[in-house]
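Number of protein chains: 2
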Amino acid sequence: MKKESSYQSLVTTFQRLSRFSHLSSIASWDMFTMMPAGGSAARGEALAELSVLQHQILTDKKVAEWLRNAESEDLNDVEQANLREMTRHYQQAALLPESLVEAKSLAGSKCEHAWRTQRPANDWQGFSANLKEVVKLSREEARLRAEAKGCTPYDALLDIFEPDMTSARLDGLFGDLKSWLPDLLAQVVEKQAQQSFVPPQGPFPTAIQRELGLEAMKTLGFDFNAGRLDVSAHPFCGGVPEDVRITTRYDEEELLSALFGVIHETGHARYEQNLPRNWLGQPVALARSTAVHESQSLFFEMQLGRSNAFLTHLLPAVQERFGSQAAFTPENFIAWNQRVKPGYIRVDADEVSYPAHVVLRYEIERALINGEIEVDDIPALWDEKMQAWLGLSTKDNYRNGCMQDIHWTDGGFGYFPSYTLGAMYAAQLFSAAKTALPGLDAAIAQGDFSALFDWLRQNIWQHGSRFTTAQLIEQATGEDLNSRYFRDHLTARYL
Amino acid sequence: MKKESSYQSLVTTFQRLSRFSHLSSIASWDMFTMMPAGGSAARGEALAELSVLQHQILTDKKVAEWLRNAESEDLNDVEQANLREMTRHYQQAALLPESLVEAKSLAGSKCEHAWRTQRPANDWQGFSANLKEVVKLSREEARLRAEAKGCTPYDALLDIFEPDMTSARLDGLFGDLKSWLPDLLAQVVEKQAQQSFVPPQGPFPTAIQRELGLEAMKTLGFDFNAGRLDVSAHPFCGGVPEDVRITTRYDEEELLSALFGVIHETGHARYEQNLPRNWLGQPVALARSTAVHESQSLFFEMQLGRSNAFLTHLLPAVQERFGSQAAFTPENFIAWNQRVKPGYIRVDADEVSYPAHVVLRYEIERALINGEIEVDDIPALWDEKMQAWLGLSTKDNYRNGCMQDIHWTDGGFGYFPSYTLGAMYAAQLFSAAKTALPGLDAAIAQGDFSALFDWLRQNIWQHGSRFTTAQLIEQATGEDLNSRYFRDHLTARYL
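These protein sequences, in sequence, are chains A and B. According to this note's numbering, the first sequence is numbered sequentially starting from 1. According to this note's numbering, the second sequence is numbered sequentially starting from 1.
Hints were generated in silico from the structure; no laboratory data involved. Where hints are given, some of them may not hold.
In silico lysine-lysine, DSS-like type, Cα no more than 30 Å apart, as pairs [stated by the list, open to error]: (1) A:Lys385 / A:Lys110; (2) A:Lys395 / A:Lys132; (3) A:Lys385 / A:Lys341; (4) A:Lys395 / A:Lys191; (5) B:Lys3 / B:Lys191; (6) B:Lys218 / A:Lys3; (7) B:Lys62 / A:Lys62; (8) A:Lys62 / A:Lys132; (9) B:Lys385 / B:Lys132; (10) A:Lys149 / A:Lys61; (11) A:Lys61 / B:Lys341; (12) B:Lys149 / B:Lys61; (13) A:Lys395 / A:Lys110; (14) B:Lys191 / B:Lys61; (15) B:Lys434 / B:Lys341; (16) A:Lys110 / B:Lys218; (17) B:Lys61 / A:Lys62; (18) B:Lys62 / B:Lys191; (19) A:Lys61 / B:Lys104; (20) B:Lys385 / B:Lys104; (21) B:Lys149 / A:Lys61.
Produce the complete structure using the sequences and hints provided.
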């Protein structure tokens, strides 16, 4: 019998890990959409047990040995990329002791679960007690990773979500944003102050909003044989590539936030559903990074979804379900969906003020992880930065300030910059698609997105993690990430 | 540091296994309620991977060693019961070679999958070819278990579902049934032929049926903080004790099958929700057996749910949602819910004819596993026994005869007797509760079930697997299982 190659042993091991991830993804989705509160403790323990197991399998001595041996085996391009990604996963996991992995998982579940009642109660005292434990463990994680990588603690976390990204690079990109975005925002706000908007009049029954969302998903190519739409407090895209679970939330007085939530998550979903099927179960088949993932959701929601052409196409479906009203003239429908109104809540933010929310958190979480500030300092800093960027105070208003979402509860520090990196990638990709596809606007207005989605499939989706982010973007657009496209996009749409 | 006792090592190991079972239960529930078809292959692989892991952990050499050593450790009563159950789980798993487990699983999947099209086509030839392979492997399993236990092959399978139950005992119990049930059934049928029934007139919208089901669950004490109601093709009770997931299916033309399905599953659910919290995660905290589980669902559905007192209490809730109609007079509502009509299909059977379906299968599967008959003999035996019990011929009518459900396709031989044992336990328990709780009928008619449920909690639910079934029933009712109570119940209700 021929001896199995080290690479083949790795493939088998990562296949097995992928099957356990499948169970973890579905159980996590269930936790946020279906699970009654009483199931929380047992679910947290079960997921923690699985995550310990996954960690053990991934960090087994044999894996390290196979990774070393596979370097000198005869591998094709895809296999080499897969080996690179395997190595990255191994190194990221092997750095952490099991006890820390388990403690982080438990502290995260606890913090998230309590947040559900603490947020409505504006209970910062209760929340911050749990968050301190999460931060303590995340700092410990960052310290271990930073030592191995030879970088700052925060950069070590950043690398998990966006490989090769650094604070220095971000400071450049976000510094550029800070040099023009506040002015641009002020100009847009002033311009829109002259316009009149007619807000859609509710109520918009949840069941009909859901139908409209399902139709939008269908229009946007979501494969319902391989996924679902459900409800959760905080919209997300979960599940596995073969069965993608997206969620939204409904407000019967407000029509468009659920719908655009669905369009956003559909962008994530189509990326997942179109990852390379032949390599599924292997690291090379995973989405490239969180920022590239976000570029797809923002491509769908912002570049495509809020364009004049798409809104023109969407309007009849809205009118069909909710009748005619003054808000549903083409001009007003477009204007309403493109209005810019700085507010407290990131997930409700328009695309012009959104980067303020992200840069604010980036600056706070970086300082927090690098040990320059403490959890108790967060509310004051939040208030100060919100005042500076958006002119809004969050003093004593924790529920709409630093307690507004669950991103920090599970220790996901380093993730936030992905949102604005994603917006920049999306603008650059849409610009490239437009150049490559003459007549795109007219096709979109007629509801024909096939050429656009083919372009995304060929340039982004089908590659999984085969290339680095820099290679992927360069191949798709001809250049490295350049914030100019985002600025051009905002200027063209809003000024 | 004090060395961990062998018992403590076992507790840790079974705790871990229980956490993996949690994930397996939720992913299985999802598979039957939520998962789109495209997720099927990946889910199957993920669940199989987990089940291989669970088998490896349970049959590890160390577990055998700990089990031996723990015998001589100082354990209290509950710990001793836990050790007894651990040993049972270990022995059941360790007896089978992995190759047999895998072959059984594959043959079962193949047989079940083909059955989906073979049943509508009445294709006994095609089905029996697959079933022969399932039977061959089940006989091999039974042989291995029987050798270890020193009993007949069929008794070895029986023991998996109902520990300590034997064919000899069943022959006594079912022999007694056979001596009086056919006559009783004939008398009931004759009596009901004189009555007139008004069937409820649909349609009954699914959403309103669901509301009615939820209200029944609430009335019956289901804890919605620790469980849910959903829809699946075949109703079941799944999930975990902290988060029990029950399902039903709706037919808009038929009001009562979904509702009584919900009441049945609520009985299973309350047992699970009230298993001993302090021991959860350990084998001693699991439900005693499939027959005892079924006794709880039948206690809810048949003893309580179809009683005159409960139906009287239920009727106003039905009228409130579906208005008045001739079928909803108290007399007709009770009569309709207690009508007896022998038929081909077990899952549609009333409680008087149900045992015929079970005893028939018990006799056939026992002979099959013990090698006294072959698969080819099944149709003729089925026809003969259906004629004798219910006066119905299934000659050439395989689809409504031995191909009517999937119980044998996955090799679950030994399970069938649980249904009728459950009905007998339920009758005996209800009789004991009645004796212990004066004024029970009046309380039920007023919707006050608290004393009844307290009685069940104290006598059944809270004990988990602490006692053997025989001990549990003896403690609760003052005697061993006695079919007299089932006979008395049927006579009182139907004659």
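Hint check results:
1. A:Lys385 / A:Lys110: 28 Å, holds
2. A:Lys395 / A:Lys132: 20 Å, holds
3. A:Lys385 / A:Lys341: 17 Å, holds
4. A:Lys395 / A:Lys191: Roughly 29 Å separates the two Cα atoms, so the pair holds.
5. B:Lys3 / B:Lys191: Given pair lysine 3 of chain B, lysine 191 of chain B is violated - Cα atoms ~70 Å apart, limit 30 Å.
6. B:Lys218 / A:Lys3: At roughly 61 Å apart (the allowed maximum being 30 Å), lysine 3 of chain A and lysine 218 of chain B break the hint.
7. B:Lys62 / A:Lys62: 22 Å, holds
8. A:Lys62 / A:Lys132: At roughly 36 Å apart (the allowed maximum being 30 Å), lysine 132 of chain A and lysine 62 of chain A break the hint.
9. B:Lys385 / B:Lys132: Satisfied, since the Cα-Cα distance of roughly 21 Å is no more than 30 Å.
10. A:Lys149 / A:Lys61: 20 Å, holds
11. A:Lys61 / B:Lys341: Violated - the C-alpha atoms of lysine 341 of chain B and lysine 61 of chain A are around 66 Å apart, more than 30 Å.
12. B:Lys149 / B:Lys61: 20 Å, holds
13. A:Lys395 / A:Lys110: Distance ~26 Å between lysine 395 of chain A and lysine 110 of chain A Cα, so the pair holds.
14. B:Lys191 / B:Lys61: Violated, at roughly 62 Å.
15. B:Lys434 / B:Lys341: With Cα atoms ~28 Å apart, lysine 434 of chain B and lysine 341 of chain B stay inside 30 Å; holds.
16. A:Lys110 / B:Lys218: The hint holds at about 28 Å.
17. B:Lys61 / A:Lys62: Holds - the C-alpha atoms of lysine 62 of chain A and lysine 61 of chain B are around 22 Å apart, at most 30 Å.
18. B:Lys62 / B:Lys191: 63 Å, violated
19. A:Lys61 / B:Lys104: 34 Å, violated
20. B:Lys385 / B:Lys104: 29 Å, holds
21. B:Lys149 / A:Lys61: 41 Å, violated
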